[in-house]
Amino acid sequence: MNVQRWLAVLAAVLAIGLLKSVVPVGAHHASTAFYDATKKVEAEGPVTKFLFKNPHAFLYFNAADEKGETVEWQIELGAPLNLSRTGWTPDTLKPGMVIKVAGQPSKAEGSHGICCATITRPDGSPIVAGGRVREEAPK
Amino acid sequence: MRVACGVLLMVMAGTALPHVRAQAPPPSGEVPDLAGIWDGGTRVRPVNSVTIPWGKANFPELNERALAYMKVFDEATSPKYDCQPSTPPAIEYDPYMMEIVQWPDRVLLRYEKDDQLRTVWLDGRRPTVHDFGIQGFAVGRYESNALIVETDHFVFDITGFDDYNGIPSSQQKRVIERYWRDGNDLRATITVEDPMFLRKPASYSTRWAPAPKGTKLAAFDCDPESARAMVKFLVPRYK
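So the sequence lines, in the order shown, correspond to chains A and B.
Counting in the working numbering, the first sequence runs from 1 upward without gaps.
Counting in the working numbering, the second sequence runs from 1001 upward without gaps.
Just so you know, the hints here were simulated from the structure itself, not pulled from any lab data.
Treat the numbers as computed from the prediction; the structure is a model and nothing was measured.
Heads up, a few of these hints could be off.
Claimed, not checked - Pairs of lysine to any residue, SDA-like flavour, derived with a Cα cap of 25 Å: (1) A:Lys107 with B:Val1235; (2) A:Lys53 with B:Pro1085; (3) B:Lys1232 with A:Glu44; (4) A:Lys40 with B:Pro1236; (5) A:Lys107 with B:Arg1228; (6) B:Lys1080 with A:Ala108; (7) A:Lys107 with A:Thr38; (8) A:Lys107 with B:Asn1165; (9) A:Lys53 with B:Lys1232; (10) A:Lys53 with B:Ser1078; (11) A:Lys39 with B:Arg1237; (12) A:Lys39 with B:Asp1082; (13) B:Lys1232 with A:Phe52; (14) A:Lys49 with B:Leu1234; (15) A:Lys107 with B:Val1072; (16) A:Lys39 with B:Pro1224; (17) A:Lys53 with B:Ala1211; (18) B:Lys1080 with A:Thr32; (19) B:Lys1213 with A:Lys40; (20) A:Lys49 with B:Lys1080; (21) B:Lys1232 with A:Glu66; (22) A:Lys53 with B:Glu1099; (23) B:Lys1239 with A:Ala33; (24) A:Lys39 with B:Asn1165; (25) A:Lys40 with B:Leu1234; (26) B:Lys1232 with A:Ala33; (27) A:Lys53 with B:Pro1224; (28) A:Lys39 with B:Ile1052; (29) B:Lys1232 with A:Tyr60; (30) B:Lys1080 with A:Ala37; (31) A:Lys53 with B:Pro1046; (32) B:Lys1239 with A:Ala108; (33) A:Lys107 with B:Asp1082; (34) A:Lys53 with B:Lys1239; (35) A:Lys53 with B:Thr1042; (36) B:Lys1232 with A:Leu51.
Let's have the full structure, built from the sequences with the hints guiding it.
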């Protein structure tokens, strides 16, 4: 294997490692009371609002629900206090930016919440430099 | 005049004049160096949850009153969704930074989470019957290279035991903490007793690592909208 190929492999390994990086969690409540860990929801659409406040950041975006109707989804993230130490800022996700989300759906009937989400650009590339695109559950 | 100025300064600093007695200087080497910013986050220890730090091995033995409380507890009523801070023995295990400042007459425990400050008095003062507070009244001493903190006079708190199990704590809650250095790390054992709800004391041990160089505590500024934004996702306990 030549040097260039070695470097390509090394870069790929590093990229995969970074993509799996987990943003620090600001534990505040048990996620099991709010979200169903046995289910998965996927959605894609434009950001409408990014609330970057402690104890939890919240990301809102428009996407189709299970009936195909466009609704506003609410994604729960960690504490901005910790997120900001890993490169997130209030401007990381601007209104209009299209995102792709996969995570656990909220439990309450008729609600559209997502937790423990993986957030990427539509092509699957990371949003934050360094690949910190995955948010872990508040335990 | 000098005495009057001193008294005035003490009053301005909120120092109660009676009962003040500086702790006798301990023998050399007995006071551990606990000062600094400590990281209790995910890189150091598992995040708190329903089973951490209170798992099968150390989960408290609850009395019937506590069990009855747990049975009717509605998560939506938890004060944390209105930005009320956690208290001992939960606050010590929140996954955030903590700063310790050691002064001759007191130790300051500053928690990044919820901007909380606990003052541990070393000067011999004791709480009066009026000195109740959400973080209680803490007194301490150095003993065998460790800081011992005893806190009582807590107000009643419907989730005063931890953030996850819906166990309340009463004015009878008493928390004993022991902090010591283990190499670069800070370690502690936290013991809680509350005869109103616990059959016997329960305890856990944990550690902090030194915060990365240059770390400063940031303001938490709990936001009421953010604190409550997820509550609508709960399946209602009572309709």
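Tested hints:
{"no.": "1", "hint": "A:Lys107 with B:Val1235", "verdict": "holds, 6 Å"}
{"no.": "2", "hint": "A:Lys53 with B:Pro1085", "verdict": "holds, 16 Å"}
{"no.": "3", "hint": "B:Lys1232 with A:Glu44", "verdict": "holds, 22 Å"}
{"no.": "4", "hint": "A:Lys40 with B:Pro1236", "verdict": "holds, 22 Å"}
{"no.": "5", "hint": "A:Lys107 with B:Arg1228", "verdict": "holds, 16 Å"}
{"no.": "6", "hint": "B:Lys1080 with A:Ala108", "verdict": "holds, 20 Å"}
{"no.": "7", "hint": "A:Lys107 with A:Thr38", "verdict": "holds, 11 Å"}
{"no.": "8", "hint": "A:Lys107 with B:Asn1165", "verdict": "holds, 19 Å"}
{"no.": "9", "hint": "A:Lys53 with B:Lys1232", "verdict": "holds, 18 Å"}
{"no.": "10", "hint": "A:Lys53 with B:Ser1078", "verdict": "holds, 19 Å"}
{"no.": "11", "hint": "A:Lys39 with B:Arg1237", "verdict": "holds, 21 Å"}
{"no.": "12", "hint": "A:Lys39 with B:Asp1082", "verdict": "violated, 29 Å"}
{"no.": "13", "hint": "B:Lys1232 with A:Phe52", "verdict": "holds, 19 Å"}
{"no.": "14", "hint": "A:Lys49 with B:Leu1234", "verdict": "holds, 22 Å"}
{"no.": "15", "hint": "A:Lys107 with B:Val1072", "verdict": "holds, 20 Å"}
{"no.": "16", "hint": "A:Lys39 with B:Pro1224", "verdict": "violated, 29 Å"}
{"no.": "17", "hint": "A:Lys53 with B:Ala1211", "verdict": "holds, 23 Å"}
{"no.": "18", "hint": "B:Lys1080 with A:Thr32", "verdict": "holds, 17 Å"}
{"no.": "19", "hint": "B:Lys1213 with A:Lys40", "verdict": "violated, 39 Å"}
{"no.": "20", "hint": "A:Lys49 with B:Lys1080", "verdict": "holds, 24 Å"}
{"no.": "21", "hint": "B:Lys1232 with A:Glu66", "verdict": "holds, 19 Å"}
{"no.": "22", "hint": "A:Lys53 with B:Glu1099", "verdict": "holds, 22 Å"}
{"no.": "23", "hint": "B:Lys1239 with A:Ala33", "verdict": "holds, 16 Å"}
{"no.": "24", "hint": "A:Lys39 with B:Asn1165", "verdict": "holds, 24 Å"}
{"no.": "25", "hint": "A:Lys40 with B:Leu1234", "verdict": "holds, 17 Å"}
{"no.": "26", "hint": "B:Lys1232 with A:Ala33", "verdict": "holds, 11 Å"}
{"no.": "27", "hint": "A:Lys53 with B:Pro1224", "verdict": "holds, 9 Å"}
{"no.": "28", "hint": "A:Lys39 with B:Ile1052", "verdict": "holds, 24 Å"}
{"no.": "29", "hint": "B:Lys1232 with A:Tyr60", "verdict": "holds, 15 Å"}
{"no.": "30", "hint": "B:Lys1080 with A:Ala37", "verdict": "holds, 23 Å"}
{"no.": "31", "hint": "A:Lys53 with B:Pro1046", "verdict": "holds, 24 Å"}
{"no.": "32", "hint": "B:Lys1239 with A:Ala108", "verdict": "holds, 13 Å"}
{"no.": "33", "hint": "A:Lys107 with B:Asp1082", "verdict": "holds, 21 Å"}
{"no.": "34", "hint": "A:Lys53 with B:Lys1239", "verdict": "violated, 30 Å"}
{"no.": "35", "hint": "A:Lys53 with B:Thr1042", "verdict": "holds, 20 Å"}
{"no.": "36", "hint": "B:Lys1232 with A:Leu51", "verdict": "holds, 16 Å"}
Going down the numbered hints, you'll see the structure goes against 12, 16, 19, 34, while the others check out.
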